[in-house]
Structures are given as structure tokens and as C-alpha cells.
Amino acid sequence: MIRPLRKYHFAIWRFLAVLLPLVFIAAILVRPPGQSAHKYGNDTFSATLESKTDSTSVVTINVLRPVKTPSCVAILSTPSRESVLGTLNQPGVYTFVVPKVEQGATLNLRDAVRQRSIVSIPLTEMTNNLK
Amino acid sequence: MSASYRPVLWNRQKKIYDLVITLFVVLYLGVFISVTKFVNEDATEETLIIRSTGTLAILMLHVILMIGPLARLNKSFLPLLYNRRHFGVIMFFIAATHGVFSIIQFHALGNINPILSLFLSNTHYNSLSKFPFEVFGFFALIILFLMAATSHDFWLHNLGPRIWKSLHMMVYVAYTLLIFHIVLGVIQYETSPVLTVLLGTGMITIITLHIITGKREHEIDGSELEGVHQFQKVCPVDFIPNNRARVVNFGSERIAIFRYDNKISAISNVCKHQNGPLGEGKVVDGCITCPWHGYQYLPNNGCSPPPFQERVATYDVKIVDGEVWINPVAYPEGTERPPAMISMIE
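So the sequence lines, in the order shown, correspond to chains F and Y.
Sequential numbering of the first sequence, starting at 1, is according to our numbering.
Sequential numbering of the second sequence, starting at 1, is according to our numbering.
Isolated chain F, as found in the complex:
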């Protein structure tokens, strides 16, 4: 290398020697805490069921990791009916208001393209279920 490029090179690495470890440490510090959640393969879901009113309940699904399948559909199954809640396409918290859910409800996550079940999670009202 010629002298100007040697100088740039040294300056760049002195800068990166500070920047990269800082970002690395910061990224580790802001990592979400480990959560007790249901695991399916590499994907991680957690969910809660709460009463909202006398006639409605709220299903909250927390997708902690990127969903492996691009067609993950959430279906709420009760002994009397099945309701499609929506699709889960990226990490985040999904909230669905549904008619009052009786005991024995199950949250089914299905791969709509491959037509197979990803996971079935039994829901119990007012609990943090999902193990």
C-alpha cells in the first residue's frame, strides 16, 4: 500500500477497534431476557388468554423469534367452533379480541402452505400458560 492508504487503513481500524466492541456489548445488553415459552423448532411463541368483558376475551400471542414458515396462521379452537385469528409473519405481540372463550380452548398454529400443524397450545383463562 502507498502511504495515504496505510494512514487511512490504520485510522479505520483504530475507529473500528472502539466501535465494534461497543456495538457488540450494547447488543448483548439489550437482548430480551430469556422467557419461559413454548418452543417449536427454532421458533418461540408465548401466549396469554384474558377476559376483557363479560362477552369477550383477549388472546395475546408473543412471537419471540422470526417465524420459520411464511404462512403461519393462528386458529383458536374451542369444543364448539374454530376461528381463524390471523397470520403471524414476524416477531412481535399479536392481540386478538374474541368472543368469550370457555374452558378447553386451544390455540393452533398452522403452516397454511404445507397444511400441517406447527404447534397446539392449550389455553387456560387468566393464566400464562403455554408450556
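Just so you know, these hints were derived from the structure itself, not from any lab.
Take every hint as true, because none was put in to throw you off.
Computed list of lysine-lysine pairs in DSS-like fashion (alpha-carbon distance at most 30 Å, straight line): (1) Y:K233 x Y:K263; (2) Y:K282 x F:K7; (3) Y:K233 x F:K7; (4) F:K52 x Y:K130.
Some chain F residues near chain Y, calculated using beta-carbon distances under 10 Å: (5) Y8; (6) L29; (7) P91.
Chain Y regions said to be covered by chain F (calculated; three or more residues, Cβ under 8 Å): (8) 123-137; (9) 162-170; (10) 179-186; (11) 206-219.
Just so you know, even glycine gets a beta-carbon here, dropped at the ideal spot from N, CA and C.
Fit chain Y to the supplied structure of chain F, relying on the hints for placement.
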């Protein structure tokens, strides 16, 4: 070195180099996919491809970034430098496979443009832990593409070594973006510490190697000999190993003083090909040979042997009482200068 352009000037060394890289790539992908499938039966083919190519590409980039400083610290690493561009191009294709499959898997099945989706599907740009890390990978891939596309000597010749080398120093930007891509991406979700430890170790190793070599070069640049218009004493003749050089620093650039066949000659330390350090090379078959890619120059006139046309500057040298003296005023590139004869003095 070549008098004309060809896609690749294959020789035995390049074939061996590329064969070793290809075998390593195949072995790595095979082992990674087999182990992952064994540990996690539910992993889909797409996931296996994305993860195996992603980890392989970042591993290869670490090795590529280590070759330069390692070759400066220890000449036994020079063979790795010889065909580093092929290494880089193969790494780009592996990284591109990772990028393309990731976009198809996570962004191509919606109703908006996949590239647009990459920027808009996650809008937590104000959050560190939820930041859309894919964006960093996308821009890193663009840089790696530009580098792979301009890696051929055609571009080196037309852009000139300085611009070409500056462009290819963008690899440090790409590396920074990829570190961001990983630490804000998979490391946010990965529960095992293995990947974090491996990445941290690789990153610290690369930084340390570049800082050590950069500091060493900086010290050499700082030890400039005084007086630029008259002969300057350099060192005793015996301090220069036979067929090797001693590099001295005058004014804006370095000069390589070679000892060969009981003679002493001095030429610019900067190779015309990629600005490689000629003074770290040796005299092979009567020609000074660049340690980076084997470009050759005659010691007495700085010209490449015919039919090649590269030329570097030459300098006057003399030997007085067993000491080498040099006049740091450069002659035009390719100017014949008589070598100082060691045998006549001793």
C-alpha cells in the same frame, strides 16, 4: 502478471488454492446441515440453507480479513494472499445465497415488493434490540457485490491501483455492517452462547491483527531518514540478506534496497499491480518478485521483463566502507541505474 486480459489466468497454485476453498465450502455445508438436521429435525430446507450459508460467509470473511495482517507478520502466510480475490468472490456467492434465500423465505410471499418488504416489514428503527437487522445485511451484500464485480485485473488497470484499492477497502464497511447484522439479528434471539463467543473472538482477533500491523507500519513511516537531495547512509551491506531487501522511508514513499548477485540496487517499494510491498518480496530468477501476486521487475531499471510493461522508479545507490548509501531522488520509472558492486569494494 499478464500482457492481456483473460477471465482467469489459471496456474497450478491457483487451481490448488481454489480446490482447497471449494472442498472446505462443501465440507462445511455438509457438516453444518447434517448436524443441524440431527439436532433439530423440524428445521426446513430453507432454514438450513440460510443458516449454513450465513455462518459460512461470515467465517470466510473473517479468514479473508486475517490474511493481510498475518502475511505481514509472518511470510509463511503469503501463499494465502496470492489468490485472495478468488476467496473473496466465492465468499460473495455464499453470502448472496444467504441473502437471496432469506428474502424469498421472509419477504417474497407477501403482496409487496420483497426488497421494499425488507425495509418496511419491521419499522422498529428506533429500537436497538428490535432493529431491522436485515437492512445491514442488504447493504453489506451490495458492497460485496461491487467488490466481486470489480475484482478482475481489468478493473484494477482501468481504475488505477489507488482507486481500486480504496474501493476494496470498503470491505471494512461491509464487515462493520455484517457485525451489526449479526449482533442485532440472530444474537438477539439465540439462546446458546456459542455463536456470540465465536463472533466476539473472531472480531477481537481481526481488530488486534490489524492494529498490530497498522502500528508497525505507522512506526516505519515515522522513522523517516533526513535529507532528501543527497546521499544518505542506510545500513551496512551485511544487514541486507542476499536476494532480499531493506526498506527505508524517504519523503512520501518507501524505497526497497535489494542485494543480489553481489550487487545493490534500489527501486520504489510500491508494486504497480496492487501497490504491494516489493521490499517484502525477493529476487527470483534475477527479478524482484512482489510477494502479493508475483509481479516482477528488473532490479537495475525497475522494468518488468518483456512482454510486460510495468515500471517503477529507480534510485542511485553506492557502497562506502561497507555501508550502503542511497540518493532518495527518484529517477523516472524504468530508468536504468547501475547497481553498486559489492565484490569490487570488498
